[in-house]
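*Asks:* Listed below are the residues making up each chain.
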Amino acid sequence: MVTDDEGILIARSREGDWDAFAALIRIHQRMIHSLTYRMSGSLSDSEDLAQDTFIQVYRNLGSYRGSAKFSTWLYRIALNVCIRWRQREKRRTSTDRDWAEADIHGTPSDARSDWIQEALVQLPPKQRAAVILTAFNGLTHSEAAQLLGCPERTLSWRLFAARRRLAKLLGKSNKLP
Amino acid sequence: MNEPELNRLLRESKMPDRSEGYWDRFPDRVVGRLQAAGTYEAKSQPWRLAALTMAAAFGLVMGFILWHRAPPSAETFATLRDGPVLRELLRQYPGRLHAIIQDGNGLHTLLSKDADVSPSDPIWLEIRDGEAHRVIVTFSGQKIRCGGTDVIVLSDLEGRVILIGDGFFWSRQISTGSAEKVQIRAEQIPEVHMNSKPPRPL
Numbered sequence: 001m002v003t004d005d006e007g008i009l010i011a012r013s014r015e016g017d018w019d020a021f022a023a024l025i026r027i028h029q030r031m032i033h034s035l036t037y038r039m040s041g042s043l044s045d046s047e048d049l050a051q052d053t054f055i056q057v058y059r060n061l062g063s064y065r066g067s068a069k070f071s072t073w074l075y076r077i078a079l080n081v082c083i084r085w086r087q088r089e090k091r092r093t094s095t096d097r098d099w100a101e102a103d104i105h106g107t108p109s110d111a112r113s114d115w116i117q118e119a120l121v122q123l124p125p126k127q128r129a130a131v132i133l134t135a136f137n138g139l140t141h142s143e144a145a146q147l148l149g150c151p152e153r154t155l156s157w158r159l160f161a162a163r164r165r166l167a168k169l170l171g172k173s174n175k176l177p
Numbered sequence: 001m002n003e004p005e006l007n008r009l010l011r012e013s014k015m016p017d018r019s020e021g022y023w024d025r026f027p028d029r030v031v032g033r034l035q036a037a038g039t040y041e042a043k044s045q046p047w048r049l050a051a052l053t054m055a056a057a058f059g060l061v062m063g064f065i066l067w068h069r070a071p072p073s074a075e076t077f078a079t080l081r082d083g084p085v086l087r088e089l090l091r092q093y094p095g096r097l098h099a100i101i102q103d104g105n106g107l108h109t110l111l112s113k114d115a116d117v118s119p120s121d122p123i124w125l126e127i128r129d130g131e132a133h134r135v136i137v138t139f140s141g142q143k144i145r146c147g148g149t150d151v152i153v154l155s156d157l158e159g160r161v162i163l164i165g166d167g168f169f170w171s172r173q174i175s176t177g178s179a180e181k182v183q184i185r186a187e188q189i190p191e192v193h194m195n196s197k198p199p200r201p202l
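Residue numbers (the working numbering), protein chains in the order written: chain W, 1 to 177; chain Z, 1 to 202.
Just chain W, same shape as in the assembly (with noise of 0.2 Å):
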């Protein structure tokens, strides 16, 4: 399930090849990033959160088996990461003002991109992922629910409540930038 360039790295990075783990990272990296800020909601900690996925994804590469694609073992890494950070991070406000401010690696979105971003990081993590993975990234409720490791059923039941709670934010604001 891998591509036989990225076979090649994979095995290379196992080997202890950083140059071979840096091109990996490259390949992934954007689509890492994405998920981790529309996790964290904050550009710092979203590239932090990237960092430790990629370090997960090293310390694990011996558990990689290929019969899954790459990209998906690499994202279920990156959620669980994540998950696991926001239920250590019990500070949100800190969460909420981080995301709040102008980031020094990179230019703010617009004002509706940030206000929506506002309103997702109000939500429990794992309705979150619900969300990203099926309205961002376009996963069907089958899809989603396997790499989130849970029934389908669970799936649906987050997705419901995300988007009760996303309309219920959003709404309320009553503010359309």
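Any given hint could be a false lead.
To be verified - So the derived list for chain W, only partly shown, Cβ under 8 Å to chain Z, looks like this:
1) Leu43
2) Gln51
3) Thr154
As the list claims (entries may be wrong) - Not close to chain W: a few residues of chain Z, all C-beta gaps over 12 Å, as computed:
4) Asn105
5) Arg134
6) Phe139
7) Thr149
8) Arg185
Said to hold, decoys possible - Heads up, simulated DSSO-like pairs for lysine-lysine below, C-alpha to C-alpha not over 27 Å straight-line:
9) W/Lys168 to Z/Lys14
10) Z/Lys143 to Z/Lys113
11) Z/Lys181 to W/Lys126
12) W/Lys126 to W/Lys168
13) Z/Lys181 to Z/Lys143
14) W/Lys69 to W/Lys126
Calculated directly from the structure, the hints in this document are not laboratory data. Yeah, the Cβ is synthetic: ideal placement off N, Cα and C, and Gly gets one too.
Given the coordinates of chain W, work out where chain Z should sit on it, guided by the hints.
*Replies:* This is chain Z only, laid out in the frame that chain W set:
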């Protein structure tokens, strides 16, 4: 706000841009962190003491079952490879087990302080180095002592095991450097094979 309106809003939401320089530097930052952390290292001294204490305590308990002063017998190889000990240790110390070592002095475990050991299929190693005869069950990416040097145990996508160290390389096909002086047998133990018949000792 109705469902289609919400869907449209979510789809229109954009990601903030990052500079090309950021994307160029990001892989190096990750690799730098990995190198600084010494990925395969068993890390700091304080936990070594804790691990040794725990290993000693565990050794006392396991000693009733597995303690052998004599060189390890075929039964001890089987006990390690067949999985009950391994499964029990993995259950007791999830993510913390670096290795189980059976040698002439009995059974030892190497535990990490934190649950930072990568989950991967266990690897069974039999090493005969002069008079010393050891059986080690460890995991891909872990470091062991072999042929007088530190070597990293790795398994590839096909489950082939290799041992790499400074001036040391061993695979089933090739041995170079100090690996030439050591007799090694290695194989991955997939979970499904944990109850299979063990190989005969070297």
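*Asks:* Need the status of pair Z/Lys181, W/Lys126: alpha-carbon distance at most 27 Å?
*Replies:* Judged against 27 Å, a Cα distance of about 53 Å means the pair is violated.
*Asks:* Does W/Thr154 pass the interface hint, meaning its C-beta sits closer than 8 Å to a C-beta of chain Z?
*Replies:* Interface hint status for W/Thr154: violated (20 Å vs cutoff 8 Å).
*Asks:* Was Z/Asn105 rightly flagged as not at the interface, with every chain W Cβ beyond 12 Å?
*Replies:* Per Cβ check, Z/Asn105 is outside 12 Å of chain W; nearest 29 Å; holds.
*Asks:* Verify this label for me: Z/Arg134 is non-interface relative to chain W, using a Cβ-Cβ cutoff of 12 Å.
*Replies:* 22 Å, holds
*Asks:* Holds or violated: Z/Lys143 and Z/Lys113, Cα atoms, limit 27 Å.
*Replies:* 16 Å, holds
*Asks:* Min Cβ distance, W/Gln51 to chain Z: is it shorter than 8 Å?
*Replies:* 5 Å, holds
*Asks:* Taking 12 Å as the cut and beta carbons as the points, is Z/Arg185 off the interface with chain W?
*Replies:* It holds; Z/Arg185 is separated from chain W by about 19 Å at its closest Cβ, greater than 12 Å.
*Asks:* Given the hinted pair Z/Lys181 and Z/Lys143, is their Cα-Cα distance within 27 Å?
*Replies:* Between Z/Lys181 and Z/Lys143 the Cα gap is close to 19 Å, so the pair holds against 27 Å.
*Asks:* Take a quick look at whether W/Lys126 and W/Lys168 sit within 27 Å of each other, Cα to Cα.
*Replies:* Judged against 27 Å, a Cα distance of about 18 Å means the pair holds.
*Asks:* Are all C-beta atoms of chain W more than 12 Å from that of Z/Thr149?
*Replies:* 16 Å, holds
*Asks:* Is the straight-line distance between the alpha-carbon of W/Lys168 and that of Z/Lys14 27 Å or less?
*Replies:* 21 Å, holds
*Asks:* Taking 8 Å as the limit, does the beta-carbon of W/Leu43 come near enough to a beta-carbon in chain Z?
*Replies:* 6 Å, holds
The structure fails hints 3, 6, 11 (numbered hints given earlier, in ascending order).
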